[in-house]
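Protein chains in written order, with our numbering: chain S, 1 to 336; chain W, 1 to 336; chain H, 1 to 207; chain R, 1 to 207.
It is possible that some hints are incorrect.
Unchecked claim - Restricting the straight-line Cα-Cα distance to at most 30 Å, the calculated cross-link-like pairs of lysine-lysine (BS3-like) are:
| hint | chain 1 | residue 1 | chain 2 | residue 2 |
| --- | --- | --- | --- | --- |
| 1 | S | Lys3 | W | Lys29 |
| 2 | S | Lys292 | W | Lys313 |
| 3 | W | Lys4 | H | Lys123 |
| 4 | S | Lys48 | S | Lys292 |
| 5 | S | Lys45 | S | Lys324 |
| 6 | W | Lys292 | S | Lys45 |
| 7 | H | Lys207 | H | Lys187 |
| 8 | S | Lys4 | W | Lys4 |
| 9 | S | Lys144 | R | Lys123 |
Worth flagging that the hints you see were computed from the coordinates, not collected in a lab. Note that the structure is predicted; figures quoted are calculated from it, not measured.
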Amino acid sequence: MMKKFLNKPEAFVDEMLQGILSAHPDQLKHVADDLRCIVRADAPKPGKVGLATGGGSGHLPLFLGYVGKGLLDGCAVGGVFQSPGADQMLEVTRAIDGGKGVLYIYGNYSGDRMNFDMATEMADMEEIRVESYVAGEDVASAPKGEEHKRRGVAGIFYVYKCAGAKADEGADLDEVKRIAEKAGANVRTIGVALSPVIVPEVGRPSFTIGDGEMEIGMGIHGEPGIRRGSLMTADEVVQEMMDQILPDLPYESGDEVSVLMNGLGATPKEELYVAYRKVAEILSEKGISVFKVYVGEFATSLEMTGFSISVFKLDDELKGLLAKPACTPFFEQVEL
Amino acid sequence: MMKKFLNKPEAFVDEMLQGILSAHPDQLKHVADDLRCIVRADAPKPGKVGLATGGGSGHLPLFLGYVGKGLLDGCAVGGVFQSPGADQMLEVTRAIDGGKGVLYIYGNYSGDRMNFDMATEMADMEEIRVESYVAGEDVASAPKGEEHKRRGVAGIFYVYKCAGAKADEGADLDEVKRIAEKAGANVRTIGVALSPVIVPEVGRPSFTIGDGEMEIGMGIHGEPGIRRGSLMTADEVVQEMMDQILPDLPYESGDEVSVLMNGLGATPKEELYVAYRKVAEILSEKGISVFKVYVGEFATSLEMTGFSISVFKLDDELKGLLAKPACTPFFEQVEL
Amino acid sequence: MFDVSQAKAALHAVRLTMEENRDRLIELDSAVGDGDLGLTMCKAFVTADQELAGSSETDVGKFLMQAGMTMAKSAPSTMGTLVATGFMRGGKALKDKTACAPADIAAFFRAFSDGVMERGKAKPGNKTLVDVLEPVAVAAEEAASSGDMDTVAAAIRDAARKGEEASRGMMSEHGRAAIYREQTIGKPDPGAVAGRLMIEAFASVLK
Amino acid sequence: MFDVSQAKAALHAVRLTMEENRDRLIELDSAVGDGDLGLTMCKAFVTADQELAGSSETDVGKFLMQAGMTMAKSAPSTMGTLVATGFMRGGKALKDKTACAPADIAAFFRAFSDGVMERGKAKPGNKTLVDVLEPVAVAAEEAASSGDMDTVAAAIRDAARKGEEASRGMMSEHGRAAIYREQTIGKPDPGAVAGRLMIEAFASVLK
Ligand SMILES: Nc1ncnc2c1ncn2[C@@H]1O[C@H](COP(=O)(O)OP(=O)(O)O)[C@@H](O)[C@H]1O
Ligand SMILES: Nc1ncnc2c1ncn2[C@@H]1O[C@H](COP(=O)(O)OP(=O)(O)O)[C@@H](O)[C@H]1O
Ligand SMILES: [Mg+2]
Ligand SMILES: [Mg+2]
Ligand SMILES: [Mg+2]
Ligand SMILES: [Mg+2]
């Protein structure tokens with residue numbers, strides 16, 4: 001049974017965008033007469049590398065929620081769980097190029113890859129230099145050694161944040177790309193889900209999870225995880241998740257990290273904090289210190305019940321960039 | 001079927017608080033050896049009126065989420081949907097009194113009223129001057145003319161925000177109380193719910209809403225609303241809600257307002273923006289201009305599906321206070 | 001004469017009756033509220049009984065105030081807070097007394113009832129605890145003129161029972177039960193029942 | 001010789017076959033994917049057909065590139081993007097030609113297949129559209145030496161059918177279907193079916 005606040009399901013994405021644009025006119029605008037091409041209200045920023053992202057709808061604040069000061073310059077918006085088109089990415093690219101080129105940062109999904117590649121080709125024909133960083137840090141989506149196959153999930157936040165801060169310093173495209181790669185290489189994520197979601201245009205759950213069941217490692221579109229089983233206690237779930245994340249980088253005694261506890265949509269913040277309590281305990285036992293903890297919704301899947309944990313390994317450079325202020329309609333941070 | 005990330009249900013609130021305190025040690029601490037007495041890490045602030053709130057758990061970021069710079073100084077935390085005790089309020093009061101007295105700002109629920117009144121009496125015995133402002137702006141909870149019976153819901157955010165900014169200016173207790181009263185008098189809220197919630201210790205839904213049904217005006221603990229009926233389109237729901245809010249103050253052509261679109265827990269941000277689109281349309285038709293829109297979760301009810309709309313009428317004084325920066329672990333705002 | 005040792009006996013007697021009626025109170029509160037009344041009343045009086053049984057306080061007023069404080073800490077629900085307020089206000093009225101005459105007992109129940117009304121804003125007739133406490137206060141004042149403690153005990157016991165009985169016919173206007181309004185008419189009010197049990201137990205030690 | 005008017009006819013023919021097979025493609029994609037293939041293929045070719053029917057372009061290469069651009073805009077799903085890429089790359093290979101010989105057609109399908117492989121990273125044998133396109137490219141190259149367009153048409157039609165048939169036995173390793181892996185063996189690949197339909201329609205106008 002679909003129980004949502006909707007008008008016509010087909011109009012869902014565009015009405016959402018109309019709502020966003022009318023709520024935040026000082027911060028965001030659309031270009032090319034296409035609601036799905038969203039850029040900063042003050043774009044382009046001359047002399048700054050432009051940062052663009054894009055992806056399917058249904059993941060707010062991903063993706064367009066990170067367009068704003070200290071973060072990204074533009075975003076191409078797709079249908080629910082669908083890649084935006086290459087032409088929309090190209091429009092965004094044109095609108096944010098400040099003469100220093102554009103870096104695409106997006107998640108490793110084949111539709112997005114194909115379209116961003118096509119957009120890159122189109123931008124090249126217009127002599128806009130474009131580079132890409134494809135984020136993929138979900139340890140449940142492919143084993144160690146096959147990192148290039150991993151899906152990008154909530155950890156992309158750290159890539160946006162560090163690359164955005166670097167671009168703000170006036171760094172050139174190669175340098176900003178280096179930071180994006182470094183941030184991406186230092187983050188690992190794993191999720192757990194308790195319930196499926198309903199895509200408005202589909203109208204029924206696209207997969208099922210039994211009463212009393214959970215799936216560890218499920219992707220944000222319901223991609224299969226690494227284990228489905230009976231729902232365990234919060235502490236047990238967190239332990240199993242951390243057992244996947246920590247050996248993967250690996251994170252070791254003496255490391256300093258930032259942690260992102262990300263709600264997938266319907267999970268109350270209360271539960272995210274119950275879970276974080278156990279994360280903190282595990283990290284402290286391993287001798288890993290924590291610099292900054294983010295708790296909230298950073299990459300969702302409509303009304304999915306579940307959460308993900310991302311751990312981001314810091315060095316002085318990344319820590320300095322993470323600490324920089326940022327401000328979008330969906331994310332604000334004062335200087336740390 | 002209860003599907004939550006939990007350890008022991010009885011430990012839910014305390015484990016959540018442990019998580020919060022370990023995630024944000026630079027911003028929050030507890031006092032009196034009681035996790036449920038939360039204050040700013042830098043409390044007391046000498047020479048500043050102390051602002052305290054309190055209420056049941058299950059509403060994050062209400063109530064403790066508004067403890068921090070530019071907002072409140074302390075919060076007494078109750079069990080899920082239960083008032084904290086007067087002695088806990090007293091401990092918070094002691095810990096935040098900077099010599100200029102303390103203002104209690106909390107929602108109009110009888111348990112909270114009784115306990116805050118008792119705490120006031122106890123604080124008087126210790127010669128701490130305490131005043132109270134009891135927020136109640138849910139137009140669905142009592143008719144016009146009986147405003148004193150109305151429940152306090154998400155609109156209390158505006159009271160916190162303005163009073164917090166005023167206290168930061170160094171204003172005295174009477175002046176801060178005046179602002180709290182003025183802000184409270186200028187806000188109206190109404191909610192709509194599609195699903196019930198499960199209190200962890202109870203383990204089953206405390207009320208039901210049929211498949212395909214919605215309830216307009218339902219309170220954040222499931223208190224009855226003004227109408228239960230079939231789920232309508234987002235536009236129709238918003239129209240019915242705004243028809244309750246706008247005539248109540250009333251809000252009129254030429255007014256300037258801030259709008260708060262508050263998710264009750266499980267409703268995706270996408271849907272809040274679809275709903276805001278219609279709010280913006282209605283306000284614009286009425287000739288009411290919008291200064292700042294907040295969209296997100298500001299006062300929740302665990303995993304309830306639904307949202308509330310709050311409209312806050314501005315004048316120069318309130319607008320100036322609303323625009324001031326604030327920073328807590330749950331809410332950050334740069335100067336507007 | 002009512003002194004601290006009798007006050008201790010009173011707390012203990014109330015505790016026992018609450019423990020005995022625990023399930024009945026849960027049942028009553030489940031029908032029109034959240035069902036916790038049996039638990040909170042036990043918690044309030046078990047804690048007060050335990051913490052104060054060994055007290056060396058001789059001032060009856062201070063002792064009863066302390067009992068109220070203990071209840072406030074241990075049971076922050078509606079009835080917990082109201083009963084705590086009653087003991088604190090009643091105790092205040094007996095401050096500096098080591099032994100109480102019938103007139104003092106009357107003053108205690110008057111302050112108790114007034115305190116609960118001030119705290120909870122309910123008036124007689126709203127179908128709450130007040131519908132037991134207020135007739136008890138009135139009866140204690142009237143009976144006090146006899147100068148006889150047994151007369152006071154009998155009067156408050158009687159008033160509590162009648163008050164509880166009368167409250168059945170009323171409509172709930174406060175607390176969670178107020179949601180049911182008309183549907184509560186004819187049903188016992190959980191708080192009034194708990195109040196009657198408390199007064200009966202209290203009366204049983206008065207001499 | 002293949003010119004713009006024939007290219008227009010090809011787009012129209014593909015459109016008709018996609019419309020005819022709309023429900024079948026939806027059904028096939030529902031079994032191993034999200035079920036949108038019938039919709040997106042129709043959208044891509046209906047739009048291309050409509051927007052370019054009145055084109056005054058005479059350069060076949062540019063015309064086919066424009067067709068690809070139109071598809072990219074109208075159908076941003078996997079197959080939409082891949083087919084668009086194919087038309088754009090294939091068109092690029094024919095740039096500046098107003099009439100194409102069999103060797104040009106072979107160059108078109110070679111660039112088409114290479115473009116799809118580069119864009120989608122799938123190789124022959126991965127059970128995708130490529131398992132139709134690559135044999136088609138090879139067959140067109142071989143048949144082109146005959147210098148006869150009918151021979152080319154027959155060769156690509158034949159290669160497309162055989163390619164689709166062969167792909168049944170493969171295991172999906174790309175796109176949504178890759179989730180099902182082993183379970184896809186023996187089932188038709190929706191993209192390969194759509195690819196075969198496209199080639200058949202294209203072949204029908206080649207002369
Ligand atoms: N405002 C009030 N004033 C006096 N008594 C009240 C008031 N509200 C509720 N009560 C009494 O409290 C009883 C319920 O107590 P309790 O179960 O502790 O409430 P809750 O669980 O809702 O906090 C009611 O039966 C009624 O007698
Ligand atoms: N990486 C790829 N390279 C080539 N073809 C692919 C690739 N991924 C999927 N396909 C083809 O696309 C078909 C599905 O297309 P489509 O329904 O548009 O996908 P989706 O709806 O998942 O975007 C598959 O049957 C397969 O033939
Ligand atoms: Mg109760
Ligand atoms: Mg209760
Ligand atoms: Mg598909
Ligand atoms: Mg698709």
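Tested hints:
In summary, the hint linking Lys3(S) to Lys29(W) is not supported, as the alpha carbons are separated by about 40 Å, beyond the 30 Å threshold. Between Lys292(S) and Lys313(W) the alpha-carbon distance is near 36 Å, which puts this suggested pair outside the 30 Å criterion. Only pairs whose Cα atoms come within 30 Å are accepted, and Lys4(W) paired with Lys123(H) is rejected, the gap being roughly 42 Å. A distance of roughly 27 Å separates the Cα atoms of Lys48(S) and Lys292(S); the hinted pair therefore holds under the 30 Å criterion.
Among the hinted pairs, Lys45(S) with Lys324(S) is consistent with the structure: their alpha-carbon atoms are about 18 Å apart, no more than 30 Å. Proximity of Lys292(W) to Lys45(S) is assessed by CA-CA distance (about 24 Å); at most 30 Å being required, the pair is judged to hold. Taking the CA atoms of Lys207(H) and Lys187(H), the gap is about 34 Å. The hint is violated against a cut of 30 Å. Proposed proximity of Lys4(S) and Lys4(W) is supported: the alpha carbons are some 21 Å apart, at most 30 Å.
Straight-line distance between C-alpha atoms of Lys144(S) and Lys123(R) comes to about 23 Å, which keeps the hinted pair within the 30 Å bound.
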